[in-house]
Amino acid sequence: MNHHPYQQASYLQSRSGYDWLWAALLLVGAGYLFSQYQALMDGYEIGILLSSVLVLLGLGWQWSALKTLSLTVAAFSLLAISRYGDDLSLGETSFLLKYLFASQSAIMWMSALYVMATVAYLGLLFSGRPFVGKVASSLTWSATAMGMTGLMVRWRESYLMGADIGHIPVSNLYEVFILFSIITALLYLHYEQKYNTRSLGGFVLLVISAAVGFLLWYTFDRHADGIQPLVPALNSYWMKIHVPANFVGYGAFSLAAMIGVVFILKSRAADSNPQGFINARLPDLALLDDVMYKAIALGFAFFTLATILGALWAAEAWGGYWSWDPKETWALIVWLNYAAWLHMRLTKGWNGKPMAWWALIGFFVTLFAFLGVNMFLSGLHSYGEL
Amino acid sequence: MPPSTVRILLRFLGSMNLAITLLVAIAIAAVIGTVVQQNQPYPDYVFKFGPFWFEVFKQLDLFNVYSSAWFLTILGFLVLSTSVCVYRNLPAIVKDINDYRENSQRSILLKQPYQQAFDQSATVADSLALISAVLKQHHYRFRLKQEGNSYLVAAKKGAASRLGYIFSHVAIIVICIGGLLDGNLPLKIAEWRGKIAVETRRIPASEIPAISTLGNDNLSFRANVDIAERGQADLAFIDYKDGYLLQKLPFTIQVDDFRIEHYPSGQPKSFESDLTILDPAAAQPIKQTISVNHPLNYKGYSIYQNSFGDGGSKLSLKAWPLTNAQAAKSLQASVKAHTPIESQTLEISDFRPFNVNPDPRGVKKFINIGPTFQYKLRDATGIANEYITSMQPTQQDGRWFYSSGMRSKVSEAFKYWMIPADANQRLDRFMAFYQGLHNPQKLQQLATQAANASKAAQKSDLKQRQAVAAFMVQLGQQFASGGYEQIATTIEKTVDEPRRQEVTELYAAALQQLLKNLYLDVLQQEGIKTDTELSAFDSQFYTDAVEAANLGYLYGSPWFFELERFQHIEATGLQITRSPGQWLVFPGCLLLVLGVFCMFYLPQRRLWLLVETKDQGVSILLAGNAVRNRYDFDREFAGIAQQLNPTV
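Line by line, the protein sequences are chains A and B. Our numbering puts the first residue of the first sequence at 468, with every later residue one more than the last. Our numbering puts the first residue of the second sequence at 1294, with every later residue one more than the last.
In short, the hints are calculated from the structure, not lab data. Worth double-checking, as some hints may not be accurate.
[Claimed, not checked] Mimicking EDC-like on lysine to aspartate or glutamate, the simulated pairs with C-alpha atoms at most 20 angstroms apart in a straight line are:
(1) A:Lys661 / B:Glu1929
(2) B:Lys1592 / A:Glu783
(3) B:Lys1611 / B:Glu1640
(4) B:Lys1562 / A:Glu783
(5) B:Lys1629 / B:Asp1643
(6) B:Lys1562 / A:Asp631
(7) B:Lys1562 / A:Asp509
(8) A:Lys661 / B:Asp1927
(9) A:Lys661 / B:Asp1925
[What the hints assert, rightly or not] These stretches of chain A come out as covered by chain B in the derived footprint (C-beta under 8 angstroms, 3 or more residues):
(10) 605–611
(11) 624–634
(12) 750–757
(13) 768–782
(14) 798–808
(15) 813–823
[Stated by the list, open to error] The following label-pair restraints were derived from C-beta to C-beta distances:
(16) A:Leu683 / B:Ala1931: 41 to 51 angstroms
(17) B:Asp1908 / A:Lys815: 44 to 54 angstroms
(18) B:Ser1414 / A:Leu488: 50 to 60 angstroms
(19) A:Ala542 / B:Ala1931: 37 to 47 angstroms
(20) A:Leu488 / B:Asp1927: 29 to 39 angstroms
(21) B:Thr1569 / A:Ala532: 54 to 64 angstroms
(22) A:Phe744 / B:Ser1400: 41 to 51 angstroms
(23) B:Ser1558 / A:Ser549: 23 to 33 angstroms
(24) B:His1861 / A:Ser549: 39 to 49 angstroms
(25) A:Ala542 / B:Phe1707: 33 to 43 angstroms
(26) B:Arg1381 / A:Asp738: 32 to 42 angstroms
(27) B:Phe1345 / A:Ser739: 51 to 61 angstroms
(28) B:Ser1558 / A:Ala542: 31 to 41 angstroms
Keep in mind that this is a model prediction, so the values were computed, not measured. In this text, a Cβ means the ideal position worked out from N, Cα and C, and glycines have one as well.
Isolated chain B (complex conformation):
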């Protein structure tokens, strides 16, 4: 390349126009990155933007702007442009800092923007002494040069402002390079060279292939790992694109305990983990408690308290069959594990010992509704509903209900099934009632009883009574499998419009009779006398139980899982980072602050005083210039002139 091309290139790279363009470009890119939420799972973006725009945005790297090739290229150009700028200006600035310009000729002084000429009736020595005192008062440093009868005092101050320029611009270069080192540029290069590949499957760490595993030679990363209490880990996961990479650690982190401290009002005050670092290279294990704002630094790795969750709590469940009358089973299950139950699989995803929810009764009040657990129940075909069930009943309108939420899609909100709690605050009575509804023998027995006991039964024969009983059993089964809704649908399908009202009333009366008998039977099993009038609680319970049974089919589960006991095991979410770039970034920041303050608050100013002897006294030419803050210099210059020449 001929030298002129190099010069043109340097001039372009060091130009202010390019610098401003780059600053604006980075600002715009940054705005885009805040408008489009970054690093979300890809399906979320497809849902949000549609498949077409998803593809367009993906090609433009809009889902991870700040690590995209184009953004890093702009940053690279900023570094280059600033470097060229510093390179071009440095020699002149270094020269300028030490140069008093004491060789300036009168003609140069006359070209300065600030000038004033006046005479003094004093000796040269007195005049120079006065000048010296005034300049010192204004914090100027100066040199004196004599040539025959003329004396030139060359003064300046604020050289640090020029240093400030160098500091701040070098700082930007240093910070950007440090930041690029700590960004995922090295990973991108390794991926581009085919050395690593992102893992997108949810598989155990031991099955992750070597190409998705990073070792000690990865100098800079931010990785996460969840470790249960009393558990250990010597690896962590780096979120990368639409998957992750496995990062091996040269030591093992053991979590001895995890705690949440609370304020008296119940809000969390601190999250703390007691860690032990087991390093084969260290003489003994290192024990330290970390919390938010207090990480552990070890051999260039930093370990932060990042989140928390369940670490595999052990739950003792009672599984009530909802579709037959078999006895409830006991079941041991763990959070984050799969437990088979007959043809279904129970997958518990979370357990929470406390649930502090806004109190519906008052502003800014909170109530704890006790432990809950969340799970999916997957059938043999792989289809699953999701449930959230609380351990204790909660009060509503003065009555106690167990509640369990159900949803068939993750995107939906939970719909709650409210089951009345009996006098012992247990599920037993409702379950006896509900299971009876699903017990054909029980229904047959109760229906026959009802058919025989009715007034009409006195006049009818056995066959008619059997038909009535069969009808009632059929009604009961329809109610059990689809609630009032299904009975109404059947009536709509089979009965003409004019008779519907009449038939509906008939059906309702028959069903009520059956349900009432079923309920009285449940009470009798409990040993309650039913020949007198029911207590207020028992009759209210009946209303609530029928309502719950009516909606039971919507619950969509063959089982109701009651949480009997639990052993809570917490997991702490740790973030482990390595960022060698910070040893460039932090000094760079110091340099930047220093540079910026120097530039603005120590502006460079120059003054020259040419003192020449005359017949009587001396004549003085005062000249000066200021790089910035002209307005202040106006006042300073006028003040100095006034001090030297009070007659004006």
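Chain A extracted, bound-state conformation:
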């Protein structure tokens, strides 16, 4: 038995040419960044750069679509950055920047595309035509690419405003709402491909559209879309890892809540109107239950990580790893809530409708921790006041 059909090629042997190209590009990119900005980076930031390369490598190898997305974003961003040169005012005069890739323009494109995608996904739900679904997916991918480009370009723009003003764009509510939209969309797209169903899009994209609505209100009513220099407390490498980890958690919990809504609708329709289009077009209850669990597990894991990173940062900035600051306390409440959810499901075997309702309630608890604390309670986390 020399060559068996199921003789397993090793993980590395089964990588495609595209995978290796991806690895090579990542290395070249990171090497270039390192050679250019070495002087500005401390040991922790070099560590973060290295970890980002590894994480992107792993994600790209695991999920092929992410490679294409990242390369598109990289191409757009590099184009915009090279167009800027070192003159920030080109954002107002250069056609390419003003109408496409200046951060605020790219984010407007993202907003418009996400809303269009929501409409398309709802169209798919009502019409049932696969072509509409394809359009909806493409719109979501495009919106995500524009949003990520917007953040990348904004990062560069902040440095063009002044070397000491420059910082990663995750420092205020405007910026984290963009991050939230992108991460929620990517998590959704991942499950869409994995489970090969587009019928959840209309629901998940509703949350993203709401975030976009907030973003537009924040831009046009509050004029809060400008780049502001960092307050001293935020000026730390911890921000680069604490905030994104937190938003993977928030995004996953939102996704789980919307799947909970779909679960409730589907199980109602299955009882009252089994022939209706809701019952026919929405995925199986078993699948919904599984995706909901997976989203909460993912969110919980990242939320745990984010809260711990926050505690480590607090130990360095506020003199203690835990101060019972309202934001910290509400993070704990969110954590306890999902810990209870997971215990109920994994050890007591609860599933179905009660868990779907609980996931939806959990979303409101999360929403309060994310926004309510900033609106109603005062404390150390006063970076994103409404």
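Could you slot chain B onto chain A? The hints should help.
Frame of chain A, contents of chain B only:
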């Protein structure tokens, strides 16, 4: 206790229902702690909730939920419950991790939730090779057991998921114990045993009694201290309940400098202190600059940049008397010190060299109105008003005014007295005018002049003219002590309704005459010719000065303090902590993250393949189970079955 009671107790403590109840209870307690603001001064709560509910909430420890006995008890129960849970499950899990269950009988396989039986026309060796390859492809580890003609392949993967359970639950125990060590539990115990007592009086550190002082044996604390530039401290203060405790340090912290760096837009960029640690045990002093996010760690103590304030700036003041015509005095005073001035005491609480305020003219623009200082002026009976005065005049409607805010209660907002600045941007002209108003001789002289100069004076005798002058002096004094308001009140009291209008006009004309003469006299003293028409500035100044004089009595102070020069001395606010519990908490956190990821992403799965020889080929029974992620296992099981039995 009989063993059965122990078992019942353990079962209760380790039960999932108790665990969930505790999780929910902690969440609710945490919500309460965010709704009721924690650790505020007690009077604030009395003001907010009223005396009755204040007492109720105080008894329930709602003002410091997170260090209350009941909250710590719930946390203690969580630790206990989780410990019992781990204790009860650990042996089974350890056994499970290394157990392939290769001794399972056919009957056990037939009880598994996933099963499939099929035949293969292959030799046992080929069949086993295929099974081995497929299992490896799916990352299973397995053992083979032969019994006569039957071969059992027992496979499993995801043992780390069981380890993840242990990691995450042990982590919770470790984190909670570390957190309890760093909380104020040790202090509470010491207080309960009568070893320490909270200090509530505002007294110098040297007078704080030993029972409110903590030494090196206090292993865990968070304390604060403000140190002026070029000052030193070997102690810090722990906020505790409605007072504080004094924490002694085994070294002295010296502050060499404090700086605030700014962005070009004026927003603060960093707060930095240059520190020197003077430790008798160290060979030489340790010098380090700390800033927000960059603390100094020394011998288990961490020193953080926490806040900043005034460290006793020296102010040179000019005190203008407001109730008599004496010359202004020079006065040296320091921030945070008491300076006597005649029967009053000047207590300066703060000095700020910059005051960047929102520009009233534009959105998101800021202007610096220059230095200000804040103080209380306390009279002999102990009653004080509070003032905030700026050093430089600011522009309003194109004119320049000195402004000084006054309030008699801390809860009120400041009401501002706007004093016009003269052509040299000084207070001198207004003060000369205002002091003249409080000078009876000057008023008498000016009133007599006015009485003699009026048209009516030609026809009247000396007595009448004296009466008119006395009336004008009286009016001037009323105006000085209570503004138009007081004159109007007098008219209301003494004159009947029908004649009021007429009398008011008469009074106003007389007062205006007197004030005008007073102002012209001030101008003459300055050397300005007054026989020609006044310049636009001088006549506008007159209007503003009369308005300021009208409201002057509301200022409620016998002195106006003008800030002439200052020497700014800053203080840095340091937080000093000791938290040995972090050496449990941080490893615990690592364990928790590891545990959570293992639990969710390495789910445990088992497969058994019972291969038995038949006349032609082999028959295979495939069985399996999965602890979680059944949906994924459905697909994996179907895939493996398909690979082993492609004919289906």
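Verification of the supplied hints:
1. A:Lys661 / B:Glu1929: Holds: A:Lys661 and B:Glu1929 sit about 14 angstroms apart, inside 20 angstroms.
2. B:Lys1592 / A:Glu783: holds (16 angstroms)
3. B:Lys1611 / B:Glu1640: The hint holds at about 15 angstroms.
4. B:Lys1562 / A:Glu783: holds (17 angstroms)
5. B:Lys1629 / B:Asp1643: The given pair, whose Cα atoms are some 7 angstroms apart, holds under the 20 angstroms limit.
6. B:Lys1562 / A:Asp631: holds (9 angstroms)
7. B:Lys1562 / A:Asp509: holds (19 angstroms)
8. A:Lys661 / B:Asp1927: Holds. A:Lys661 to B:Asp1927 sits at ~15 angstroms (cutoff 20 angstroms).
9. A:Lys661 / B:Asp1925: It holds: about 11 angstroms lies between the C-alpha atoms, which stays within 20 angstroms.
10. 605–611: violated (count 0)
11. 624–634: holds (count 3)
12. 750–757: holds (count 4)
13. 768–782: Since three or more residues must qualify, the claim that chain B covers the segment 768–782 of chain A holds, with 7 doing so at under 8 angstroms.
14. 798–808: holds (count 6)
15. 813–823: holds (count 3)
16. A:Leu683 / B:Ala1931: 41 to 51 angstroms: holds (47 angstroms)
17. B:Asp1908 / A:Lys815: 44 to 54 angstroms: holds (49 angstroms)
18. B:Ser1414 / A:Leu488: 50 to 60 angstroms: violated (44 angstroms)
19. A:Ala542 / B:Ala1931: 37 to 47 angstroms: holds (41 angstroms)
20. A:Leu488 / B:Asp1927: 29 to 39 angstroms: holds (35 angstroms)
21. B:Thr1569 / A:Ala532: 54 to 64 angstroms: holds (57 angstroms)
22. A:Phe744 / B:Ser1400: 41 to 51 angstroms: holds (47 angstroms)
23. B:Ser1558 / A:Ser549: 23 to 33 angstroms: holds (28 angstroms)
24. B:His1861 / A:Ser549: 39 to 49 angstroms: Holds, at about 47 angstroms.
25. A:Ala542 / B:Phe1707: 33 to 43 angstroms: Violated: the Cβ-Cβ distance is about 58 angstroms, outside 33 to 43 angstroms.
26. B:Arg1381 / A:Asp738: 32 to 42 angstroms: For B:Arg1381 and A:Asp738 the Cβ distance comes to about 40 angstroms; the hint holds.
27. B:Phe1345 / A:Ser739: 51 to 61 angstroms: Between B:Phe1345 and A:Ser739, where Cβ atoms are some 52 angstroms apart, the hint holds.
28. B:Ser1558 / A:Ala542: 31 to 41 angstroms: With a Cβ separation near 34 angstroms, B:Ser1558 and A:Ala542 satisfy 31 to 41 angstroms, so the hint holds.
Violated hints, in rising order: 10, 18 and 25; the structure is consistent with all others.
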